[in-house]
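Assemble the whole structure, with the sequences as input and the hints as a guide.
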Amino acid sequence: MSVTLFSLLSGLVFGLGLIVSGMADPAKVLGFLDLAGRWDPSLAFVMGGAIAVGVVPFALARRRTASFLHQTMRLPTARYVDRRLIGGSVLFGMGWGIAGFCPGAGVVALGMGELKAAVFVLAMLAGMGILELLDRRSATLQAA
Amino acid sequence: MSIDWNSFTPGSALTGGVLIGIAAAMFVLLNGRVAGISGILSGLLQPAKGDRAWRLAFILGLLAAPAAYLLAGPFPRPRIDVGWGALVLAGLLVGIGTRYGSGCTSGHGVCGLSRLSPRSLAATAAFMAGGFVTVFVTRHLLGI
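Same order as they appear, the protein sequences are chains A and B. For the first sequence, the working numbering assigns the number 1 to the initial residue and increments by one for each residue that follows. For the second sequence, the working numbering assigns the number 1001 to the initial residue and increments by one for each residue that follows.
Be a bit skeptical, because a hint or two may be false.
[Claimed, not checked] Which bits of chain B does chain A cover? Going by a derived footprint, with three or more residues having C-beta under 8 Å, they are:
hint	region
1	1006-1016
2	1019-1027
3	1033-1045
4	1057-1071
5	1076-1083
6	1103-1115
7	1132-1139
[What the hints assert, rightly or not] Simulated restraints, written as ranges between beta carbons of each label pair:
hint	chain 1	residue 1	chain 2	residue 2	range
8	B	Ser1002	A	Phe68	46 to 54 Å
9	A	His70	B	Asn1006	44 to 52 Å
10	B	Leu1070	A	Arg79	37 to 45 Å
11	A	Met1	B	Gln1046	22 to 30 Å
[Claimed, not checked] Listing some non-contacts, in silico: residues in chain A with all C-beta distances to chain B over 12 Å:
hint	residue
12	Arg137
13	Thr140
14	Leu141
15	Gln142
16	Ala143
Bear in mind the hints are in silico, worked out from the structure with no lab data behind them. For glycine and all other residues, C-beta sits at the position ideal for the given N, C-alpha and C.
The structure is reproduced here in structure tokens:
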């Protein structure tokens, strides 16, 4: 129960951070990505602030096998860099550069009642679903 | 490169970043998971694994953030200047790319870099590059 409650609280604080920082405003994001135009470097401070706060708690988390709510600690263990990681991230960056929405920002803007954010989020879910189906099919083909 | 000083908001960007860092830290220490929003969302598209409740709660928190912000005052409206077709294309790219690359700005950019993960560093460099190049092409080569 408390796991669900703290998930809700984490999402809420995360979403507030996206609004306060300007990450939930696509025009602000595109201003940050526009190095050759009139560049707005603000959003570098978002990542800087988040990481400055996150480094110690994540180091603490890595030393533990269970969370403070007695959940199994599930940190990613993969360390390799492959074509899938880079190719996927470039595709994500292209989509981010077209609309100025990353996944969290899209969901928060949807919460503001923006119809355009709803269209973005639906297309994003469709994209995730497409990849899910492709992955499942290739897994079936490999198994056969 | 010229800096757009009128749009430069390092204070609110840093404050928002700190909130995002607190949310990610709280999530990993209490729930034992990385707060990767694309991963949390796509987990909802997979066959029920008995972990839907915390995923839904986190997304609900994101959706409710604008309403919570209203307690302090009206939230800044997102400026979404791109057309419907571009939004759909962007959404598909973000959905496919984040699943193919196993993460987005939150999972790789915030949590991954806080964990000092070389894999997330590579992914973050790749999506930032993808975003910078895409905005250069759309704004300065195509003039959109």
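Which numbered hints fail
Violated: none.
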